[in-house]
Amino acid sequence: MSGALNRALYDALAEDPRVLVFGEDVGRSGGVFRVTDGLQAEYGEARVFDTPISEAGIAGAAVGLCFAGWRPVVEMQFDAFSYPAMEQVVDHVAKMRMRVRGRVDLSITLRIPAFGGIKGKEHHGESPETYYAHTAGLKVVAPSSALDAYRLLRQAIADPDPVIVLEPKARYWSKESGELANDGPGIGDARVLRDGETVTLVAYGAMVTRVLDAAAVLAEEAITARVVDLRSLSPLDDGVLERCARETGRVVVVHEAPRSVGLGAEVAARIMELAFDHLQAPVARVTGWDTPYPPASLEPLYLPSVERICDAARKVVAY
Amino acid sequence: MAELTYRQAVAEGIAQEMERDPLVFLLGEDVADAGGAFKATVGLLERFGPERVRDTPISEEAIVGAAMGAAMTGLRPIAEIMFSDFLATCWDLIANQIAKTRYMTNGQISLPLVIRTANGAGSRFGAQHSQSLESWAMAVPGLKVVAPATPADAKGLLAGAIREPDPVIVFEHKSLYASKGEVPEGEHVEELGRALVRRAGEDVTIVALAAMVPRALDAAERLREEGVDAEVIDVRSLVPLDMSTIASSVAKTSRMFTVEENPRLCGWGAEIASIVAEGLFDDLDGPIVRITTPHVPLPAADELEDATVPSVERIVRAVLAAIG
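Protein sequences, first through last, are from chains A and B.
In this text, residue positions in the first sequence follow numbering that gives the first Met the number 0: the first is 0, and each later residue adds one.
In this text, residue positions in the second sequence follow numbering that gives the first Met the number 0: the first is 0, and each later residue adds one.
Since the hints were made in silico from the structure, they are not lab data.
Note that CB positions come from ideal geometry on N, CA and C, so glycine has one too.
Here are the simulated lysine to any residue pairs, SDA-like style, with alpha carbons at most 25 Å apart:
hint: 1; chain 1: A; residue 1: K120; chain 2: B; residue 2: M103
hint: 2; chain 1: A; residue 1: K118; chain 2: A; residue 2: R307
hint: 3; chain 1: A; residue 1: K314; chain 2: B; residue 2: F280
hint: 4; chain 1: A; residue 1: K118; chain 2: B; residue 2: N105
A few chain A positions that, by computed beta-carbon distances, are all more than 10 Å from chain B:
hint: 5; residue: A60
hint: 6; residue: D158
hint: 7; residue: G177
Please put together the full structure from these sequences, using the hints given.
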């Protein structure tokens, strides 16, 4: 996935001279997760450059550059380190396009290595999506695989609105073969990755792989699970959620973020609004716990496991 | 009982606790000399002096960072962030440091601090001074979160927050500061984590918070004229969340509505709706309906702001449409 993201940046820089890439260590070093490797050598220090350790400065510079017609792609090195830039992101990045009545595109792509699974502890394993999804004016995406990471990052860079790209750290080294493409499902579209009739499992980011593993286990018990990769957390794909909820009547939502006001709450509330009369059981949520992200040894207990996902699926099926 | 404004009740709550406990002190922008941007700390400087009522530079990070350090040394600071929108400027300290300290030190260090902040719309202050950000705080493990709807609660919940051993964010509502209500005289402290039935009813349950509570109550009166008997619950405390009061009501009425000033996606209503649907699935006669501000940055123009935030009219229409 890190290679696919790297190619997406490489191709975007090649195709559009207005694209800039900057952030902490993205230039000379090529990024802590190698996503920007080689870009500065190819496109020079004027378009791919290192910044001081100031997340607010990075996001603020991106807003200013949009007014001058650039399309900045910036990196926040880790999830929790996007918080020092919160005010810039929420009050300026998210609202500026509305405040200038659409006269300036806020074509900012904010890449954030996110979520847990690499024994990164607190501050390096967080799921910040609730803050961004709750903020009107931002689009938020979270790819689950290499090819889709390429597609979503290219689409984010081409979008006239600011897009937060939450890159699942735990999937950076995952591999997938196929053609790199920008077209196909867009921002706002969910994808059905596995078909099934008994229950729908909804996930995003690194949890998609785990949900697919759970679906394989459930298949042996004659529970056919449909797997939905949300991809886009804001806007959400009401159409796919409604169709799957109607067709299977049972839904489990899975995410790493703490349970309280996570995307699972939103998806569950939405599905109830969209398909109440078709639900055979309440929507179940399998989530991280309402604690800070734990130390490495406790990570397996914190993240939703295949077993926890299967248990939830069995419960809604038996309801 | 004395009739006080919400802003007077805030000042009374702070004074009550400062009088009781010499470790309590107040800091923030313009809280001392000016008596607060919303006049909610008037008279405190005169009464308690500049050591305990402190104006700070315009640096939210410094305010909550200083509060965190003070709490670590055993003081009980009350930090004011003038607008809740500015919580974003110190979100690193709030979400990364303050909320996690007790966990990261294995319980060795607790942070008995309160962050008070003016939240919400209704003042035509535009997109950067009108947000309702209580759902952000609710999503941070390690924080407690309250949002008073009445002067009595502005005092009582604030006093309760000050006595908590853990960090609490108190979301005061800008549009309620001038509202008046009865406040118990003498010591008044409310326990966090208790919702209140503000109006009893049999047909539907309307769950609201802060400035949406009076609107929900007005809507309930209008609904009565339409033959619908609505129960109105004031959530008061998002963390801890009193699900038993809400669940008891929905078990009785079988219909639930949330009234939220925050943007729709990932608002507190989604959490409450999900919990209720999970526990009372077979009792519900229809989907839980969330009446929220649409997912847009808040506009400043009077007409547009009024069109975005849930109105009495919208609540009435939503309830009638759902049960019709």
